Amino acid sequence: MPPLPCIAFDKVCKKFEGIAALRNVTFDVLPGEIHAVVGENGAGKSTLMKLLAGVHQPDSGELRMRGQSVRLDSPSRAQDHGISVVFQELSLFPHRSVAANLFIHRELASSWGWLDVAAMRSEATRALTDLQADIDPDARVDSLTLAERQLVEIARALQQRSRVIILDEPNSALNEAESQRLFAILRTLRSEGVTALYVSHRLEEVFDLADRISVLRDGEFQGTFETSRTTIPAIIQAMVGGPLDQAFPPRLGRLAPEPVVLEIQDLIQGPELGPISFTARRGEILAFAGLEGSGVDELFRALFALDGPARGELSLQGRRLRQRTPGEAMRNGWALVPESRREQGLMTEKSLSANITLTILERLRNALGLMSGRRVDDSASDAIREFGIVADSVEQSVGTLSGGNQQKALLAKWLSTKPGVLLLNDPTRGVDVGAKREIYALCRRLAAQGMTILVASSETDELLGLADRILVLAKGRIRNEFQAGEATKSVLLRAMIHGGLMLPESPIDG
Amino acid sequence: MARERPSFLRRLRSIEEIGAVAGLLSICVLLWLSTGEKFANPSNLLQVARQGSSYGILSVGMTLLLAMGEIDLSVGAILTLVNVVTAIALREGTPMPLAVFLGLALGTSCGFLNGLLGVALRIPTIIVTLGTLSVFRGLALVFSNATAVANFSKESLLFQLGSRSVLGLPTGVLVMLLVGGAGHVLLKHTAFGWRLQAIGSNAQAARFSGISLPRYRVAAMTLMGLISGIAGVMELAFLQSGSPTTGQGYELYVIASVIIGGTALAGGRGTIVGALLGALLIAVIRNGLVLLELSAYWGTAVTGAVIIAAVAVGNLVKKQ
Ligand SMILES: Nc1ncnc2c1ncn2[C@@H]1O[C@H](COP(=O)(O)OP(=O)(O)OP(=O)(O)O)[C@@H](O)[C@H]1O
Ligand SMILES: [Mg+2]
Chain A
52 MPPLPCIAFD KVCKKFEGIA ALRNVTFDVL PGEIHAVVGE NGAGKSTLMK
102 LLAGVHQPDS GELRMRGQSV RLDSPSRAQD HGISVVFQEL SLFPHRSVAA
152 NLFIHRELAS SWGWLDVAAM RSEATRALTD LQADIDPDAR VDSLTLAERQ
202 LVEIARALQQ RSRVIILDEP NSALNEAESQ RLFAILRTLR SEGVTALYVS
252 HRLEEVFDLA DRISVLRDGE FQGTFETSRT TIPAIIQAMV GGPLDQAFPP
302 RLGRLAPEPV VLEIQDLIQG PELGPISFTA RRGEILAFAG LEGSGVDELF
352 RALFALDGPA RGELSLQGRR LRQRTPGEAM RNGWALVPES RREQGLMTEK
402 SLSANITLTI LERLRNALGL MSGRRVDDSA SDAIREFGIV ADSVEQSVGT
452 LSGGNQQKAL LAKWLSTKPG VLLLNDPTRG VDVGAKREIY ALCRRLAAQG
502 MTILVASSET DELLGLADRI LVLAKGRIRN EFQAGEATKS VLLRAMIHGG
552 LMLPESPIDG
Chain B
879 MARERPSFLR RLRSIEEIGA VAGLLSICVL LWLSTGEKFA NPSNLLQVAR
929 QGSSYGILSV GMTLLLAMGE IDLSVGAILT LVNVVTAIAL REGTPMPLAV
979 FLGLALGTSC GFLNGLLGVA LRIPTIIVTL GTLSVFRGLA LVFSNATAVA
1029 NFSKESLLFQ LGSRSVLGLP TGVLVMLLVG GAGHVLLKHT AFGWRLQAIG
1079 SNAQAARFSG ISLPRYRVAA MTLMGLISGI AGVMELAFLQ SGSPTTGQGY
1129 ELYVIASVII GGTALAGGRG TIVGALLGAL LIAVIRNGLV LLELSAYWGT
1179 AVTGAVIIAA VAVGNLVKKQ
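Here the protein sequences line up with chains A and B, keeping their order. In short: position in the first sequence from 1, add 51, done, that's the numbering used here. In short: position in the second sequence from 1, add 878, done, that's the numbering used here.
These aren't lab readings, by the way, just hints derived from the structure by calculation. Some clues are possibly wrong.
Stated by the list, open to error - FRET-style restraints, in silico, Cβ to Cβ: (1) Arg212(A) to Val1013(B): 52 to 60 Å; (2) Asn1193(B) to Val542(A): 58 to 66 Å; (3) Leu1045(B) to Ser194(A): 41 to 49 Å; (4) Arg382(A) to Pro1002(B): 52 to 60 Å; (5) Arg122(A) to Leu911(B): 25 to 33 Å.
Predicted, not measured: the structure shown is a model, and the values here were computed from it. Beta carbons: idealized from backbone N, C-alpha and C, even for Gly.
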């Protein structure tokens, strides 16, 4: 007799305002397996996970745990059933310390209710060390980078020692090394009998990690596959209902090299960054690689003048730029797609149209100087079509879109400014395979039209596949440079880790 | 994906001002039933509207501020200061238009100062205005020697209109509608208003979108100051004297009006129509207490309770 499934979904349905997000989903998760759930953006993966988390309740159908029907009508009920969750969108308290976040609602206290801060701090340190995350338990969460926050979120879930752990795109901001550590921990937990549900768009790692893979498409269950008996193309076929062509569109062979348009001379911001000098050509896709703390994030912030004016010289098409605020940067034709869409990018309570058009309000006024509702809606509808955003209407609030569609809305918001220099910080975080391809193709197309694109990414493959040239940063300086096709993944990773050692001084200019 | 037609009820609930409308209607019906003609006669109703207009004018600026996630506690004090200083200017023989201009300029400067202090010293607006509330009110007492300022000529147009009606409406109500109309257009139909709401919705994302937070904060506070100045001058025109005790406690009624109207305290959106209805609701409540011959002390307590009830009713209707 097969073991009783740890979790069974039985004809589960869920609608949001009349629109079905899940339809008759039925499948089993076996105890002690790592079970991946994959599907396109908006397929219903997060909704399914939120049913187990007690955030949403099914409209009909049944959830069973070890054969028993369960009603998970609140997150604390789900915890009582031994389920812990890493949500796709971070759910930390930004103003509280790391330790306070790890122990929220499970505080350690003496028998008369006095909080045991020391114990919580040392437990927190232990949990973070397990992930080899060098994070101070007393640091406030809003002082951490996105990747660090994701690690804290993971530590919080792991530390509850639950029997079931749900991870909804837990490593979308993590780099290769950090992800591998997470996987090692998940494998250890599996050997201890813990069951994991794992949602991801990175199919290579899903194949590396999961025992079985369940596929959702448009809210409907497509089947569960044994990882050892299937292939990535077969999974993609099930996800999208057809084959997909290759991930990275070919680079356009250029007849003559384009002129250098962007020149950065001795850029310095604070003690952490610089001096940095590089140049970029018209239509070039220039990638920046570096580990956490290498200065890539800081470089992008400095270029867009987010932390006030930086020292050094910026010139575009031979003209020296005054770029002291983000507003000035935008007027100079720059755009920055930020790393954290919920915090830095979008107004989650507001409509899709309000979000997409925020950067171009001036262009959408009528002859009287008033905002033209029609122009705003038209412009938003155009963007929705162009970027393939799945939404009920331009009025849907962005916070209720699926994660990948939020990312597409963020891209739409910035590309509608028609920038000359585009800074992309992790542009495909949480985006499904098909949409990723579209974004890569879009980048190529924009570059071909003359846009200069600077891109950073937590996915090394993305840098290798997309860039014409890769600059490697470490300790706030450029340490290495590769031309397209010159570097392999392992060479690049090694350069990122040892960058500082290979070329201790002299930054390389472009 | 099949889409169901939104039901009538759902569409009703999606109206932001539904709480204020429901509250206003039910209180009016209650008062009508319990006091009859005393409440529901034209002259009383116009009187109520006049009283509501003081809160109403101020609530227009407060809606803009709440929509961007800020709050100004000094509006009542600015109103008092402008009221007193304009009266003193008139007493000293300043021609009426110049005195009014002075009053409005003073209000605007007070607002600008509020904004500037917050931005330059990096203090939240609510704290800055908690301080300037006392400063402005104190100055009004000093300038007026804590007595009413009334010995000036009331011949000018300001006072002719101030106590009368224009087009069948008390002048205060007319001014409220004008200010409200302008505020509504500003909030819903200009890039400025959309950006205020963007800041209230997610300040960090707004900054990443190139919006200068300090500049918008100062601009909105300055506008609030101007609007407080207008309310102060209108109060003077109606009362025909400058009084250092007028405007006391207005800030709370004004904030309550805005919230009853359906604007989110957390920021991100606002409705000026709702705020004006909310102001009217508060005026009706205060009028009702007088008609029911409850003591003034009870009046204060009951007003507070009804404010909470009105907001709760609004939430209930929306969440059902
Ligand atoms: N609270 C909500 N209100 C309205 N619609 C919602 C809500 N939450 C989810 N949806 C809708 O349900 C559908 C499924 O969303 P879900 O977040 O489960 O997708 P997903 O598979 O996790 O996608 P992604 O890979 O982009 O994260 C989407 O069309 C989304 O717009
Ligand atoms: Mg999701």
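Outcome of the hint check:
no.: 1; hint: Arg212(A) to Val1013(B): 52 to 60 Å; in the structure: 57 Å, holds
no.: 2; hint: Asn1193(B) to Val542(A): 58 to 66 Å; in the structure: 59 Å, holds
no.: 3; hint: Leu1045(B) to Ser194(A): 41 to 49 Å; in the structure: 59 Å, violated
no.: 4; hint: Arg382(A) to Pro1002(B): 52 to 60 Å; in the structure: 30 Å, violated
no.: 5; hint: Arg122(A) to Leu911(B): 25 to 33 Å; in the structure: 46 Å, violated
Going down the numbered hints, you'll see the structure goes against 3, 4, 5, while the others check out.
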